[in-house]
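Asks: Please build the complete structure, drawing on both the sequences and the hints.
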Amino acid sequence: MFDLFSDIFTYRDNALTRIDPRVKLLIALAALIAVVTAERIVLPLAVFTFCLGAVAILRIPAKLVACRLAAPLSIVAVLVVIQTFVTGKTPLFAFTFAGWQFTAKAEGFRQGTLLGAHVLGAVSVVFLLSIVTPAHRIFQALRWFRISRNWLEIAILMYRYIFVLMDRVADLAAAQKLRLGYTARGRALRSFTTLAGATIIHSLEQAQRTHDAMRLRGYRGTMPFGPLPAVSGRDLRILSLCLIAIAAARLLEWGMSG
Amino acid sequence: MKAIEVTGVHFTYDDGTEALSGVDFHVSEGEFVAILGSNGSGKTTLIGLLVGLLKPKTGRIMIGGRAIGELSTEELYQRVGLVFQNPNDQLFAATVEEDCAFGPRNLNLPEAEVQERVTEALDAVAALPLRGRAIHHLSFGEQKRVSLAGVMAMRPSVLILDEPTAGLDPAGEAQMMQLLKKLNREEGLTVILATHSVDMLPLFANRIYVLDHGRVLQEGPSEEIFCHQEMIVRAKLRLPYVSRLMYEMKRHDGVPIDGLPLTIGEARVRLLELIPKELIIAELEEKKA
Chain A
1 MFDLFSDIFT YRDNALTRID PRVKLLIALA ALIAVVTAER IVLPLAVFTF CLGAVAILRI
61 PAKLVACRLA APLSIVAVLV VIQTFVTGKT PLFAFTFAGW QFTAKAEGFR QGTLLGAHVL
121 GAVSVVFLLS IVTPAHRIFQ ALRWFRISRN WLEIAILMYR YIFVLMDRVA DLAAAQKLRL
181 GYTARGRALR SFTTLAGATI IHSLEQAQRT HDAMRLRGYR GTMPFGPLPA VSGRDLRILS
241 LCLIAIAAAR LLEWGMSG
Chain B
259 MKAIEVTGVH FTYDDGTEAL SGVDFHVSEG EFVAILGSNG SGKTTLIGLL VGLLKPKTGR
319 IMIGGRAIGE LSTEELYQRV GLVFQNPNDQ LFAATVEEDC AFGPRNLNLP EAEVQERVTE
379 ALDAVAALPL RGRAIHHLSF GEQKRVSLAG VMAMRPSVLI LDEPTAGLDP AGEAQMMQLL
439 KKLNREEGLT VILATHSVDM LPLFANRIYV LDHGRVLQEG PSEEIFCHQE MIVRAKLRLP
499 YVSRLMYEMK RHDGVPIDGL PLTIGEARVR LLELIPKELI IAELEEKKA
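Residue numbers (the working numbering), protein chains in the order written: chain A, 1 to 258; chain B, 259 to 547.
Check the hints yourself; a few may be wrong.
Said to hold, decoys possible - In silico lysine to aspartate or glutamate, DMTMM-like type, Cα no more than 25 Å apart, as pairs:
1. B:LYS546 with B:GLU536
2. B:LYS440 with B:GLU287
3. B:LYS313 with A:ASP212
4. B:LYS439 with B:GLU263
5. B:LYS508 with B:GLU531
6. B:LYS439 with B:GLU374
7. B:LYS260 with B:ASP273
8. B:LYS315 with B:GLU477
9. B:LYS315 with A:ASP212
10. B:LYS315 with B:GLU369
11. B:LYS315 with A:GLU205
12. B:LYS313 with A:GLU205
Calculated from the structure, these hints are not laboratory results.
Replies: See below:
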């Protein structure tokens, strides 16, 4: 769970972490649009491969990659299976299981793999962004793009306190475990519900204390944001090149589909 | 001039718990004052009242000669800063720099001044190298210092700290107390400290208030406070360990120690007075040389 949220790699110094967060956000947005509107699996899979390649070059541990991609990969698998057996008419193969007849269809398989490729491509873009940009830089960039202050404020506080609450939940869960709270199914369920309740109470108390601390430093309903420096010429060139490359890839893919 | 003056303050929580009853408390500018009390004695409630988070049922609270209610929040929090016991309650921004800049930016200061204050505050707490770090990557001791810097960036004249050494290792505890001493003696900041840790107070505090069950049991310099053994026990506190040792040696072994030393330095001097010079090796070696 902790690996899932770890952001230590965003503080490393490399070519990608040095790029302005606004530039990275725009490139990521363009890549996401290209991926989710693709009509063939080639472009999303190419983006997925490119992002994984970048992750490998940045020497991000395989365990962390696997941990973060586990959920989307499961979603892809479920999507492909459901689409294959539910959608379409042309049979690919059939089998019987527990008295039920299952028929895989070609159209469903194509649709499923396309959707799965969309998910993989999009997730890999966000994953790459998340390991080369600290969250606070993304929030600053979003603020620069005039995203709602209130929305960002809540996001910042959520991001900050998720680590605090995770620590508390881990402590409480360990305390329950050490007193045999998870040794039987019923007991485990009781322990888990108690843990969930305690977490809610903790978060409410934390919210109250944090609000007090904010008030004591002049908080009046909106959190101030620091300025971002002007985007450098180098970063603007990177942005232009990436946008041209993404647009060209999308047009090429469109031409191939047409 | 009085930095803070509290007269006849009563406070009762909604559930009927009377947390403070008839508390009188005052701190002069530039003083280092400790509020000493066991858990539930009313220290945190008193602090809540001093910074306006709580309102007294009766009584008067003056900050810098003006009633607390007359001050706008901007005025109040530029005069009085509170450092919470748990730094996680206070550090809500993603990075050290952003957290320290939170207060100055809320004052609508120009960005150059915001940055100047952040640098100054981080420098004052020896946390300048932490400037770009994420809060959740800091150690507990670093978080404590950064939370102090966040309050310092508001440039308050009175600094209130709730259990500033709680959870710190001995080195961190000493570092924090030395830091507060420096802010008080060199920067002239008025420091009010709520604690139940007695060992370091005689070294730093000009005066101590002992609180128990919402009442002030005693007030005065540490030498006066710690010679009232019964009162200390009644407040569920104890003597500093070194004083306890001296007290036991006097009481049980009849060692004629002069007064009751409160610090290791004082205890050393008193003991050296009692030990024959010919038994002190350092002196013998000095003579030989």
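Asks: Give a verdict on every hint.
Replies: Against the structure, the hints come out as follows:
1. Between LYS546 of chain B and GLU536 of chain B, the direct Cα distance comes to roughly 12 Å. Compliance with the 25 Å bound is thereby established for this hinted pair.
2. A hinted pair counts as satisfied when its Cα atoms are at most 25 Å apart, and LYS440 of chain B with GLU287 of chain B qualifies at roughly 15 Å.
3. Simply put, LYS313 of chain B and ASP212 of chain A have alpha-carbon atoms about 14 Å apart, close enough for the 25 Å limit, and the pair holds.
4. Our distance criterion of 25 Å between C-alpha atoms is met by LYS439 of chain B and GLU263 of chain B, whose separation comes to about 22 Å.
5. With a C-alpha separation of about 14 Å, the suggested pairing of LYS508 of chain B with GLU531 of chain B holds against the 25 Å cut-off.
6. In summary, the hint linking LYS439 of chain B to GLU374 of chain B is supported, as the alpha carbons are separated by about 23 Å, within the 25 Å threshold.
7. With a C-alpha separation of about 33 Å, the suggested pair LYS260 of chain B and ASP273 of chain B falls outside the 25 Å cut-off, and the hint is violated.
8. A threshold of 25 Å between alpha carbons decides the hint, and for LYS315 of chain B with GLU477 of chain B the separation of about 23 Å falls inside it, so the pair holds.
9. Note on LYS315 of chain B and ASP212 of chain A: the hinted pairing holds, with a Cα-Cα distance of about 20 Å set against a maximum of 25 Å.
10. About 41 Å separates the Cα atoms of LYS315 of chain B and GLU369 of chain B, which puts this hinted pair outside 25 Å; it is violated.
11. For a cut-off of 25 Å, the pair hint linking LYS315 of chain B to GLU205 of chain A stands: about 24 Å separates their Cα positions.
12. At most 25 Å may separate the alpha-carbon atoms for a hinted pair to count; LYS313 of chain B and GLU205 of chain A meet this at roughly 20 Å.
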